[in-house]
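Take the sequence shown: its letter number 120 is residue 347 in the numbering used here, and every next letter is one higher.
These aren't lab readings, by the way, just hints derived from the structure by calculation.
Don't take every hint at face value.
Claimed, not checked - Quick list of simulated restraints, FRET-style, between CB atoms: (1) 326 / 584: 48 to 58 Å; (2) 531 / 379: 37 to 47 Å; (3) 495 / 318: 52 to 62 Å; (4) 525 / 622: 21 to 31 Å.
Backbone N, C-alpha and C fix where the C-beta goes; we use that ideal spot for every residue, glycine too.
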Amino acid sequence: MSTVLVYTSPARGHLYPLLPTLLELKARGHRVHVRTLSGEVAGLLRLGIEASPILPSIEGTELDDWKAKSPLQAVGRTFTTWLERAAHEVADLRAAIAACAPDVLYVDVNAWGALAAAEASGLPFAVFSPYFLNVRAKGRPPFGLGLMPTTGVFGRIRDAVVRAVAGIATRPYLRRLNALRRGLGLPSLASFEQLTSPADRVIAYTAEPFEYGHGGWPDNVRFVGPGIWEPPAADELPGTRALVLVTCSTEFQDDGALIATALAALEAEDVDVVATTAALDPIQFRAPANATVLRYAAHGPLLRRAVAVICHGGMGITQKALAAGVPVCVVPFGRDQFDVGRHVEHAGAGVTLTRARLSAQALRDAVHRTRSLRAGAERVARAFAASGGAASAADVIDELFTPRMRTSTA
Numbered sequence: 228m229s230t231v232l233v234y235t236s237p238a239r240g241h242l243y244p245l246l247p248t249l250l251e252l253k254a255r256g257h258r259v260h261v262r263t264l265s266g267e268v269a270g271l272l273r274l275g276i277e278a279s280p281i282l283p284s285i286e287g288t289e290l291d292d293w294k295a296k297s298p299l300q301a302v303g304r305t306f307t308t309w310l311e312r313a314a315h316e317v318a319d320l321r322a323a324i325a326a327c328a329p330d331v332l333y334v335d336v337n338a339w340g341a342l343a344a345a346e347a348s349g350l351p352f353a354v355f356s357p358y359f360l361n362v363r364a365k366g367r368p369p370f371g372l373g374l375m376p377t378t379g380v381f382g383r384i385r386d387a388v389v390r391a392v393a394g395i396a397t398r399p400y401l402r403r404l405n406a407l408r409r410g411l412g413l414p415s416l417a418s419f420e421q422l423t424s425p426a427d428r429v430i431a432y433t434a435e436p437f438e439y440g441h442g443g444w445p446d447n448v449r450f451v452g453p454g455i456w457e458p459p460a461a462d463e464l465p466g467t468r469a470l471v472l473v474t475c476s477t478e479f480q481d482d483g484a485l486i487a488t489a490l491a492a493l494e495a496e497d498v499d500v501v502a503t504t505a506a507l508d509p510i511q512f513r514a515p516a517n518a519t520v521l522r523y524a525a526h527g528p529l530l531r532r533a534v535a536v537i538c539h540g541g542m543g544i545t546q547k548a549l550a551a552g553v554p555v556c557v558v559p560f561g562r563d564q565f566d567v568g569r570h571v572e573h574a575g576a577g578v579t580l581t582r583a584r585l586s587a588q589a590l591r592d593a594v595h596r597t598r599s600l601r602a603g604a605e606r607v608a609r610a611f612a613a614s615g616g617a618a619s620a621a622d623v624i625d626e627l628f629t630p631r632m633r634t635s636t637a
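All chains, full assembly: derive it from the sequences and hints.
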């Protein structure tokens, strides 16, 4: 029996997409141990997966990018959070390795310290990313700004300028990360686009045509489609009308305006509305007669009735909707959500409404346009179904149990 040690950042949106892969590895006879959020340990044990909590010092370092007054400040707060966690992750992963004696490591792309510790360990390791990869590939725009891919001289100039500016803006954070890496005897990275280059494999939980199609990806990258899992559903909510699902981020980002506006926008529409508030308290919202507001609900049964999803653009709910063939209206609030919205539009599977333009009328109009794009969402759903999912991800990890053949993409 081979052992896979999985290490996640303190985010349910990074743990849940992994679960189909971990259950597949377990079914193949591998021992799987997950180091993750303390509140998820019991649930993993119930699934028959070994689990232990990450250090409280990591889980207690909360992401507060929602307090930022500008996108640049938001990036700074995010990188600062990940760097503060990173110093603790090195010791935490080393302790987990000592306790589990793994054959292979599987590490969260946002756990920068754990990534460095995995590289320094000498063990075969893969990186998982539940969102679009921040890597350089031919024809792909820089990550983070919601840019459309372009061709020709203009596109190359735009992308070069954006990368140069981003490199200057993030240089202080790269210095801190490289100092940590040098302390582990590792070489410095030239940019954050090289973060996953040392890994034997990088497993991206998405696929074309949601991801831009161009080829030219680093040799260690594998696309497997979305990882879709949610806790068992309670009784399904009653109703037979067309349904619009509205949801906010599971990691707090002060996006309650999205639900409040959606409830007002759809109050007079001939639809049922279900809004899941996630990190927000549902008591703060007034639900009209056609709406149900609750903190959590299994989205799978709701998507079977849904004609549209309104969301912040988190990869989890967006890909879950598209995998069900449901078009998406994205209202980005930050993080990777601008990119998600742009990818939705590029795939012809939904629309994006900027936060600055968010109003009841604008959102109502956007939902009407979204509902007309079902064919695009169904096209993405077919591609996701053909991408292999958990079985493909497990195949990639199985490759690492064979004699090691490192892939150099630096």
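Checked against the structure, which of the hints given earlier come out wrong?
As far as the earlier hints go, not one is violated by this structure.
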